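2 protein chains.
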Amino acid sequence: MSWEANVKRAVPYVPGEQPKGSGVIKLNTNENPYPPAPGVDRLFKEFSYQSLRLYPDTGSARITEALAAYYHLDASQVFVGVGSDDVLSMAFLTFFHSGRPILFPDITYSFYDVWADLYGIPYKVCPLDEDFRIVPGQYMQKNGGIIFPNPNAPTGVYETLELIEDILKANPDVVVIVDEAYIDFGGESCIGLISKYDNLLVVQTFSKSRSMAGMRIGFAMGSQKLIRYLNEVKFSVNSYTMNMPSQIIGVEAVRDDSYFKETNAKIMATRERVKGQLKELGFTFPDSKANFIFARHASIPGKKIFEELKARNILVRHWGKDRINQYLRITVGTDEQMDAVVNALREITANA
Amino acid sequence: MSWEANVKRAVPYVPGEQPKGSGVIKLNTNENPYPPAPGVDRLFKEFSYQSLRLYPDTGSARITEALAAYYHLDASQVFVGVGSDDVLSMAFLTFFHSGRPILFPDITYSFYDVWADLYGIPYKVCPLDEDFRIVPGQYMQKNGGIIFPNPNAPTGVYETLELIEDILKANPDVVVIVDEAYIDFGGESCIGLISKYDNLLVVQTFSKSRSMAGMRIGFAMGSQKLIRYLNEVKFSVNSYTMNMPSQIIGVEAVRDDSYFKETNAKIMATRERVKGQLKELGFTFPDSKANFIFARHASIPGKKIFEELKARNILVRHWGKDRINQYLRITVGTDEQMDAVVNALREITANA
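Going down the list, the sequences are from chains A and B.
Reminder that position 68 of the first sequence reads as 68 in the working numbering, one-by-one numbering, no gaps.
Reminder that position 254 of the second sequence reads as 254 in the working numbering, one-by-one numbering, no gaps.
None of these hints come from the bench; they were simulated from the model.
Among the clues, some could well be false.
Which copy is meant is left open, because identical chains are indistinguishable; a pair holds if it fits in one copy or across any two.
[Said to hold, decoys possible] List time: in silico DSS-like cross-link candidates among lysine-lysine, alpha-carbon distance up to 25 Å:
1. K8 <-> K196
2. K169 <-> K8
3. K304 <-> K124
4. K26 <-> K303
Remember, it's a predicted structure, so these values are computed and weren't measured experimentally.
Please model the complete structure; the sequences and the hints are all you need to start from.
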């Protein structure tokens, strides 16, 4: 028998393309069109490269404390990781350990079922309604844990704190994870519920609103108990994950709050403007509170529009999946980029 | 029932302390006493912080290609990760999937059994002989895979390529992983065997010989098949792990070969000098080919020496484990640091 017979086989996830050439308008991975806070540049130039000979701080104290201060929490209520994927994966491993199925929406972030399979966690998907909204009653059945993004991906639909609190009230016996990757684009975070529900874990990322996808920083906030359990599992499998540049330079993306608010406001203004233009061209979409719009055209197939945009050097995202195969997820870029997209869509819809 | 009843509980690994104050001689985590290659400083200053708004290259092409060129391999034979812990953990998940027990030494790197437990992989430890050497016959029983460090940690014992090849010959049906974290301090890498054995995975790190523990870069080399399987599993669980600074700036630690060879030579020269001094003070140790010496004293207990050194602001590593509880693992620092250690040990042994 060959060694190959014993290898775990997996189908790799295909993320949105990262084209290397220039001239492409890249609106396919929900990156921020604006650079990180200018202080980040200064911290790179000041970085003490000699310190790299040492292992990084296992507790990532500097960035953890900066986040705790920003969100008015204690540092013991914050956990950091190498992107929110790393944080979420660790949270699945730690908290979804009952053997009962966990619950998440049918249309949602693509990695939830992957991590469930990885750690042998059974799961059950809860269909969103026709408007892609969560049906809270579905989350009141017996379960081993709950996770959903808010706003949801890839729909952009934002659910209210009242809905989240209803789900929390019905589920004191399991951990509820709210994945707030896109919360800074107009939604209200449920961080305020942490003090009331010690089983609520809120996960956020530097990859979208903080313009730092390249740095790989994600974080979770919750009760001291939750964070302690998460840290114990994390430190039992890997002592050193977040590297020194992330720990030290990432702090500036938290510290410069006016830049953060200004760029988020610009993205939201662009998004609202583009919503109006898309409507005029015959597109419909759930009302997005994220840095993307999940839109379909009344008559032209999603795949066709995707390809026509690609032929014009505009990359957006399209999935050939049930319920959403007519939709395109268009990241909100700069005003100039979005003008180019709208012009291209005007051509495409006029020619169809 | 409380949500806490369903949490996975783990005992966190306690790595060697990372003291924050100065004045401590830190020889407890096998860090390199010399800074990274000077070009690393330049790359930090030149780093385009604006690019951080984008996700990093999922394939980590720049650093993968630099490593492939350095080791005369094709880029398709190199896999990179966030430190060798990340690489090894992914290799356990990918290759040790048969359900049969994997084999590794009884005295070895502390995370092998942790990852085996994490992924539900059965394992069997193979006792080293009295001189802490591998007994090859033990690795010729039926198994689901093999892993050992060479040189071994924490003993520093180096095994020859002949021994490794004997183990490979006896195990064509499983993947054999050689963890070469310390290979650049005087051992000969088994990279040359990759072309002959498509089931051999060689894992190395930037944390020791390349002075970049703070950057978290590890890598694996093997046949194209092995690396493809590893990538497929990695990309099925997380698309973006190695951040941009590691991918771009890490390259310099590979490119500057003369600096690399010079610092490794300095560390080896210091190590050989200190070996003689330790012998004079009544210490015995296996002959180390790593950047540490694993030593015990003829009459003074290991724990006592550890504490006496700590009282003098010198941190080394001691484990209260079977077979090795009289030993100290002393990282090889600069000549000045090692003079301070030898002087302290002279005092301690004289007063005992």
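Requested in this report: List in ascending order the numbers of the hints, as given earlier, that are violated by the structure.
Outcome: 3
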